[in-house]
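Just so you know, the protein sequences line up as chains Z and S, in that order. According to our numbering, the first sequence is numbered sequentially starting from 1. According to our numbering, the second sequence is numbered sequentially starting from 1001.
One should not assume that every hint holds.
What the hints assert, rightly or not - Stretches of chain S that chain Z covers, calculated by requiring three or more beta carbons in the stretch to come under 8 Å of a beta carbon on chain Z: (1) 1042-1048; (2) 1206-1217; (3) 1384-1393; (4) 1416-1423.
To be verified - 25 Å max Cα-Cα, derived DSS-like pairs, lysine-lysine: (5) S:K1376 - Z:K235; (6) Z:K109 - S:K1044; (7) Z:K2 - S:K1064; (8) S:K1432 - S:K1458; (9) Z:K235 - Z:K138; (10) S:K1440 - Z:K2; (11) S:K1247 - S:K1064; (12) Z:K188 - S:K1247.
Just so you know, the hints here were simulated from the structure itself, not pulled from any lab data. From the three backbone atoms N, C-alpha and C, an ideal C-beta is built for every residue, glycine too.
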Amino acid sequence: MKEYPEKPDTVYYFGTCLIDMFYPQAGMAGLNLIRREGIRVIFPQEQTCCGQPAYNSGFFKEAKKVALQQIRLFAEDYPIVVPSGSCAGMMKHHYPYLFAEDSNLDAVKRFSNRIVELSEFLVQVLKIKLEDRGRPVKVTWHSSCHALREMGVIEDSKSLIRQLKNVELVELLNENECCGFGGTFAVKQPDISGAMVADKVEDIRQTGASRLLAGDCGCLINISGAMEYQNLPVKGQHLAEFIWERIDGK
Amino acid sequence: MANNIGFDFTQNVSRALKDKQLRKNFKFAMGNFILKRQQIFPDKNETERLRESGKAIKKRALSKLPHLLEQLEEKCTRNGIQVHWAETTAEANQHVLRIMQAHSATRLVKGKSMVSEEMGLNEFLDQNGIEATETDLGEFIIQLNNEKPSHIIVPAIHKNKKQIAQIFHQKIPATPYTEDVEALNAIARKTLRQKFFDAQIGLSGVNMAVAETGTLCLVENEGNGRMCTTVPPVHIAVMGLEKVVEKLADVPPLLRLLTGSATGQLITTYVNMITSPRKNGEKDGPKEVHLIILDNGRSEILADPELRQTLQCIRCGTCLNHCPVYTRIGGHAYGFVYPGPIGKILNPQVEGLKKAGILATASSLCEACAEVCPVKIPIPQLLRRLRNEAYTREPSCTVKECGCQQNLIDSLAWKGWEVINTRSRLNAIGRKIMGVVGSKIPPLGPLKLWNRYRIPPKFARKSLHQLVKEQGVENE
């Protein structure tokens, strides 16, 4: 069983580099969902990237330097909310590995222990209640590998969708299978990655949904890009942004 | 590990992906395996406990491996099993040949053994005028067609019924074409029955060897393994040295994990426990049993406390079944005896990073393999470690040809990435620039590869950093 902190007064927010560059509205939505519950959110402006791209590519030294930069910025003992299962998994589970033989290990562990993924924070800690103000819509959900297998937060994400009464959630075939993103994998093995995302798009097509929701923007740039490439008129969207839209920002 | 002459992974992948039939065969078969495993391990907590115990058993065995191997040799010898050590596959092949020659034998029947594939035994024996016949149905099929296994436990899984019917019709004399599965089985059975009678020596693999008692365990479903180990007068077992376990009590949990993970069975049709050759007064069983224990780079892997976890593997193949990459490219594309996730960590360590390092890049690190591995090998973690060693030359590196992929472009690119992501001013400027010109980047290099299957993502005009600032969110 996972343990969650009591509802805090203040949290840190780590926006992630992909959200920063490509989906800032999703980042804002996540942040606003937390503020909506009366919680003070701190966004350290000097934050950049969790370091996962270099780490997964085998460049540990570079990844560690970038990781340390983040760790120093989140010095107070507040929970750190991350709107991505993958970046959260990196900071929660992989930082301690990366720094296993490093003099900073204790500080790293203190940081890692405070990492919470956005969906689980909204559901488990804030026990958020959502009122759907949108028109009926059919959506499907893609489980990102790291939200599923490292963070274990998929049920929390889906429970948020289920709170929205006008939203029909159609289960995606092979929902737990990787979409083929894998960071640099997508360009190191472009054809394998391309085959994986093509299959994912086909499964999405079969659902008849008009939106694809996910909790990770890595998957989203991959799947949305492939859906657009194949002229499938389905919009890929981060869960937080979708929720914020549905509740009309209230 | 033979079968990789002129190995070009990229070309293999592209060929495999274009083969629609192959992809269909794999998708269908792997889907079935995943389902069967789910059914046999329905309780998540119970499965987790079992996996923990499997991991603990293998870790304990590896932690005292030299001692256990000595004990195994001693017990086997006392039981009448002759033990031979082989540091290399060439030595292992020589052992087999010597035993064959000592019996003036020219015909061998084989049960399924991945170590014998690793040795390239069939080709070696063929060059020495010895006929080796595969008797596992899957192995039999691909041997007829002069192919290599595409999967660790179901070697002909890339073939469908029609393809097998065609092979039997073409390669077995006087065999009419039939797609009837029962009839195909009967053809194989009839052909092989004679081979069992004629063989002078039977060869098998080993799933587990028990140091405490000197027992060789072998699981199978067709009975051919039992035939190979009991009908011919001489039985040769070949094993990788990591297959030793400490006690007889270690066998049941591992067996449960092995058969459940591999084929979704509670237990296989046959479980062979071989502890000695035929004793005085006994009416059956081989008169001689030999055990060849192969190292082939394993003791070097053992020396590294992290990479050592590779040797926990019990060769169930479930990581292959659950791998989205394996499912799409099949086993042959990997170009080495061991395909799939386990092959991606094993081959580069045994063969070196120059030759096999590229396999470590063929993973999205989705962790599906780690989630199901019955002995909890952290395959994605070991893949990252291998990727790291490919680019690093440091005293802490232990993998053959570490640093072989080091190059200026990658080093500079990642150094640049580090600089931009550790200097917030530079990062802010970068964000602003990309917000304006990001969508006008010419599709070169990695972006060109990305665009092969996708439309590139659009850089937002205002980054989250800017939006947050505008909305007055606190900075600290």
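We went through each hint and held it up to the structure:
no. : hint              : verdict
1   : 1042-1048         : violated (count 0)
2   : 1206-1217         : violated (count 0)
3   : 1384-1393         : holds (count 8)
4   : 1416-1423         : holds (count 5)
5   : S:K1376 - Z:K235  : violated (37 Å)
6   : Z:K109 - S:K1044  : violated (28 Å)
7   : Z:K2 - S:K1064    : violated (35 Å)
8   : S:K1432 - S:K1458 : holds (14 Å)
9   : Z:K235 - Z:K138   : holds (11 Å)
10  : S:K1440 - Z:K2    : violated (45 Å)
11  : S:K1247 - S:K1064 : holds (12 Å)
12  : Z:K188 - S:K1247  : violated (44 Å)
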